[in-house]
Amino acid sequence: MALRAVVLRHFRIPVQSLALAGGKSQPWSFSSSIRLMSSHDDHLSKEQVIERVLDVIKSFPKVDPSRVTPDVHFQKDLGLDSLDNVEIIMAIEEEFKLEIPDKEAVKIDSCNLAIEYVYNHPMAA
Amino acid sequence: MSVSTAGYLARRAAQKERVQILYRRALRDTLNWAVHRHLFYQDASNLREKFDANKHVEDLDAIDRMIAEGEAQYNKWRHPDPYIVPWAPGGSKFTRNPTPPSGIEIAYDYGREDND
Numbered sequence: 050m051a052l053r054a055v056v057l058r059h060f061r062i063p064v065q066s067l068a069l070a071g072g073k074s075q076p077w078s079f080s081s082s083i084r085l086m087s088s089h090d091d092h093l094s095k096e097q098v099i100e101r102v103l104d105v106i107k108s109f110p111k112v113d114p115s116r117v118t119p120d121v122h123f124q125k126d127l128g129l130d131s132l133d134n135v136e137i138i139m140a141i142e143e144e145f146k147l148e149i150p151d152k153e154a155v156k157i158d159s160c161n162l163a164i165e166y167v168y169n170h171p172m173a174a
Numbered sequence: 003m004s005v006s007t008a009g010y011l012a013r014r015a016a017q018k019e020r021v022q023i024l025y026r027r028a029l030r031d032t033l034n035w036a037v038h039r040h041l042f043y044q045d046a047s048n049l050r051e052k053f054d055a056n057k058h059v060e061d062l063d064a065i066d067r068m069i070a071e072g073e074a075q076y077n078k079w080r081h082p083d084p085y086i087v088p089w090a091p092g093g094s095k096f097t098r099n100p101t102p103p104s105g106i107e108i109a110y111d112y113g114r115e116d117n118d
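Residue numbers (this note's numbering), protein chains in the order written: chain V, 50 to 174; chain F, 3 to 118.
Simulated from the structure, these hints should not be mistaken for lab results.
These numbers come from a predicted model, not from an experiment.
We treat Cβ as the ideally placed atom computed from N, Cα and C, and that holds for glycine.
It is possible that some hints are incorrect.
[Said to hold, decoys possible] With the C-beta cut set under 8 Å, the calculated list includes, among others, these residues of chain V facing chain F:
1) Leu127
2) Ser131
3) Leu132
4) Met139
5) Glu144
6) Lys146
7) Leu147
8) Glu153
9) Val155
10) Met172
11) Ala173
[Stated by the list, open to error] Here are the in silico distance ranges between beta carbons for each label pair:
12) F:Thr101 - V:Gln124: 34 to 44 Å
13) F:Ser4 - V:Asn169: 37 to 47 Å
14) V:Asp113 - F:Pro102: 44 to 54 Å
My request is simple: use the sequences and hints to build the entire structure.
Right, dumping it as structure tokens:
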């Protein structure tokens, strides 16, 4: 049994096959910091956050998808107004199942800030 | 002159933030009231039209009055049982199944490790 525990602790599946098997959301993982079958999701990687935030912004009807980059400012670069900004933040909240307090949500006005906020949020999923 | 300009700009900025927060709450409440997503889209665009109708108002006192009216209307029609994200206080999963503190792990066959 001790041997089994040791083997299990050092057993790793290479990232490539994990990506093939699990796809975007990894329902299971051998990482020791995550409890199997627990309700707490695996935390997102920075690349995943960037990709999904950009997807949300690109699918906003008033935005030209070709101009969206990770460091774009909603109102200065994309020609949106403050209420569009609110709508984008709501869409990002729904995408990541978040609830951002009003005062903080109003301050998120660029893609960079949104990515930082979502990435640093412990409950982003 | 510059003092009054600064005061004007500060007041405009405060109003802008108030409108944004009001719009945000109202939009969320619209989603709470909508039974289906496709009903929400129409309601949301009606709400946006209401805000856009007064987009070009310049008079500060008039803006303050309109915001107060909007907030009163929002409070009157606020949803009694709004959606709360599951992990947030009041949500269905709040404090359930929390991750254990770091350093705690499962000891398999506790007390028999050396006997096998």
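Report the numbers of all earlier hints that the structure fails to satisfy, in ascending order.
Checked against the structure, the hints that fail are numbers 1, 5, 8, 11, while the rest are satisfied.
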